[in-house]
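Undergrad: Chain residues, written in single-letter form:
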Amino acid sequence: MIGQRNQFALSRWRFVIVAMALSALAATLIARLIHLQVTDGGQGAVFLREQGALRTVRSAEIPVYRGLITDRNGTPLAVSSPVVSLWANPQQLKDSPRVGELAQFLGLDAQALRDKLAFYGDKQFMYLARHQTPDFAREILRAGFPGVRGEREYRRYYPAGEVTAQVLGLTNVDGRGIAGIELAFEDWLQGVPGKKRFIKDLYGDAVRDFGVIEEPRPGKALALSIDLRLQYAQHRELQRAMKETGAAAGSAVTVDAWTGEVLAVSNYPVFNPNSRNALDFSSARNRALTDAYEPGSTIKTLTLVAALESGQFYIDSLVDTAPGRIRVGAKVLHDPRDYGEISVSTIIEKSSQVGVTKIAQAVGHEAILDVLYRFGLGETTGTGFPGERMGQLPDLAHWSDIEKVTLAFGYGLSATPIQLARAYAVLANGGVRRPLTLLKQQGDMQFRGERVIDKTIAADVLRVLGRVTEPGGTATLAQVPGFSVGGKTGTVHKVGEGGYLDDQYVALFVGIAPMTAPRYVTAILIDQPRGDHYGGGLAAAPVYSRVTEEVLRIRNARPEQTDLGALLASMGVRQ
Amino acid sequence: MRSTSLASWVIPLLGACIICSALGVVATTHHVREGYARLQVLELERWRLQEQYTRLLLEINTWAAPHRISQIAVDDLSMQAPDLSLSQVVAE
Chain A
1 MIGQRNQFAL SRWRFVIVAM ALSALAATLI ARLIHLQVTD GGQGAVFLRE QGALRTVRSA
61 EIPVYRGLIT DRNGTPLAVS SPVVSLWANP QQLKDSPRVG ELAQFLGLDA QALRDKLAFY
121 GDKQFMYLAR HQTPDFAREI LRAGFPGVRG EREYRRYYPA GEVTAQVLGL TNVDGRGIAG
181 IELAFEDWLQ GVPGKKRFIK DLYGDAVRDF GVIEEPRPGK ALALSIDLRL QYAQHRELQR
241 AMKETGAAAG SAVTVDAWTG EVLAVSNYPV FNPNSRNALD FSSARNRALT DAYEPGSTIK
301 TLTLVAALES GQFYIDSLVD TAPGRIRVGA KVLHDPRDYG EISVSTIIEK SSQVGVTKIA
361 QAVGHEAILD VLYRFGLGET TGTGFPGERM GQLPDLAHWS DIEKVTLAFG YGLSATPIQL
421 ARAYAVLANG GVRRPLTLLK QQGDMQFRGE RVIDKTIAAD VLRVLGRVTE PGGTATLAQV
481 PGFSVGGKTG TVHKVGEGGY LDDQYVALFV GIAPMTAPRY VTAILIDQPR GDHYGGGLAA
541 APVYSRVTEE VLRIRNARPE QTDLGALLAS MGVRQ
Chain B
1 MRSTSLASWV IPLLGACIIC SALGVVATTH HVREGYARLQ VLELERWRLQ EQYTRLLLEI
61 NTWAAPHRIS QIAVDDLSMQ APDLSLSQVV AE
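Protein chains in written order, with the numbering used here: chain A, 1 to 575; chain B, 1 to 92.
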């Protein structure tokens with residue numbers, strides 16, 4: 001018994017030792033584990049937390065809408081609308097038996113979808129269909145296909161479609177401006193997307209939001225100087241003219257000379273900005289700003305300015321144009337017939353080559369070039385429109401006799417229709433040049449003008465322009481019932497390989513209305529009108545007339561009443 | 001003697017404070033979660049409303065498009081712009 005007892009006592013002692021040793025080992029291990037994983041000293045905790053977060057915490061963009069673009073009256077021209085882009089996790093979807101059903105829903109070929117899923121089989125993201133209407137997307141998401149999810153985005157819609165397409169430009173599929181106003185004011189229109197963090201589960205679904213890290217800041221709205229009603233009317237008339245003349249291209253631009261605002265600008269050919277499928281970049285150009293042409297006889301107005309400034313001519317000074325032709329260097333310039341001795345005013349009214357040649361020779365090309373510069377040719381109009389051309393003024397070391405003269409009737413230089421409108425706006429403003437803008441101007445934000453010619457000269461030139469549209473002038477078709485208008489035609493031979501082409505023309509008309517209070521300047525350009533009606537007076541002036549009639553009606557200009565007394569009497573009113 | 005009497009009420013007090021603070025944390029967390037859930041509901045609502053707003057905006061502009069109006073005016077209602085001889089300016 002004693003031996004047994006001793007034995008037990010001994011074993012109890014040994015048991016304590018062993019237990020303590022084992023506990024110490026365990027404690028060391030636990031301490032080491034704590035050191036590695038819990039305290040920051042071992043880096044383990046940080047490492048594990050990071051690794052955990054990498055597998056569960058995601059940050060996502062909160063999409064923001066792009067700023068609304070409106071016309072001057074607040075009518076929306078470009079609207080960002082919420083849409084849903086459907087995407088799938090191919091790893092979850094590819095083996096599902098419902099792929100065929102999904103393809104049918106989306107209107108896709110089932111086999112094509114399976115192939116695509118197999119192609120992206122090792123990825124976790126694949127777009128199924130971008131920019132779907134929210135209702136349609138909800139229907140698909142509700143059907144609960146494995147791995148199919150929706151992502152909120154915005155898509156740009158242009159309610160006015162092709163009518164405003166070229167001036168507004170385009171955004172790409174990710175909502176960034178790539179052309180036109182959308183590009184020019186990208187920073188203003190583009191919002192800053194917000195950021196939020198959330199925890200996702202095994203299937204990639206968000207299970208808990210941590211909250212917003214960055215507040216989204218939506219894009220700001222932009223009011224253009226365009227008047228949609230006017231824009232539509234101008235667009236309609238230009239399209240009609242294109243159909244009637246069979247021309248290849250055309251542009252029209254209407255400017256409010258008093259404020260420098262562009263009220264409407266349209267072009268042909270056009271495109272539909274709401275459909276990206278058939279986008280042709282030649283029809284996406286805003287030709288009125290991006291395409292420079294030789295302005296032809298429309299420049300004679302500025303030659304007249306140079307003539308009046310020189311002091312050698314007044315509008316009723318007589319110039320002998322007999323016998324209806326004149327030799328300059330090796331070239332002979334013709335008038336349609338011998339006008340004989342006519343006034344400077346009549347030279348412009350009839351657009352006489354001989355008369356203008358004589359004026360140009362007397363005034364000299366430097367003086368004419370100087371006027372062209374002062375009227376803003378060869379520089380941008382200030383709209384900031386992407387791709388706007390400056391046109392070109394000749395910069396020759398040596399001028400031949402013919403070049404000195406052709407400058408006076410608009411050959412050898414190039415200008416965009418909007419530059420011509422701006423040059424004529426100087427006259428409408430009584431000699432003050434203003435930059436043009438595509439943005440609506442507030443009363444006090446008007447650009448300060450710069451006087452470039454004398455007021456009396458501007459008034460004289462306007463008087464002559466008024467006569468151009470009167471009987472006997474080259475542009476009687478530009479008349480607008482109830483208003484007096486003024487302007488100048490231009491008919492230019494197109495340049496092809498080997499020089500000017502005999503049978504291809506550009507028809508131009510630039511006009512100012514109403515002459516009682518000159519304000520609205522419209523430039524019309526018709527590129528390659530076919531048939532007999534190719535001249536500025538026949539192809540472009542009627543378009544000007546119809547556009548200007550709408551301009552004056554929409555802008556509420558007051559018609560000139562000729563005989564109020566007679567009208568009242570006819571209505572039985574006694575004065 | 002003094003130290004025991006101090007311990008006898010300080011420790012329970014601290015214990016009570018800890019429990020209060022713990023309950024406070026629980027309550028605040030709950031509020032935050034509730035608030036966040038509400039925020040998400042409201043954000044969803046905002047998204048829906050915006051969806052509706054832009055749809056209506058596009059709709060109104062489609063119905064009120066100038067070409068549609070002029071087409072209805074001319075074709076359906078046989079309207080025309082008055083001739084200038086028929087109109088008179090009333091001087092203000």
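FYI, nobody ran anything at the bench for these hints, they're computed from the structure. For every residue, glycine included, the Cβ atom is placed at its ideal position computed from N, Cα and C. Some hints here could point you the wrong way.
What the simulated footprint calls covered on chain A by chain B, stretch by stretch (three residues with Cβ under 8 Å from a Cβ of chain B suffice, anywhere in the stretch; the number is not a length) [stated by the list, open to error]:
#1 142–149
#2 321–334
#3 548–559
What follows is a list of derived Cβ distance ranges for each label pair [unchecked claim]:
#4 B:Val25 - A:Gly44: 40 to 50 Å
#5 B:Met79 - A:Arg130: 40 to 50 Å
#6 A:Gly144 - B:Val26: 28 to 38 Å
#7 A:Ala248 - B:Pro82: 52 to 62 Å
#8 B:Met79 - A:Leu393: 30 to 40 Å
Undergrad: When the structure is checked against the list of hints, which entries are broken? Sort them ascending.
TA: 1, 2, 4, 7 and 8
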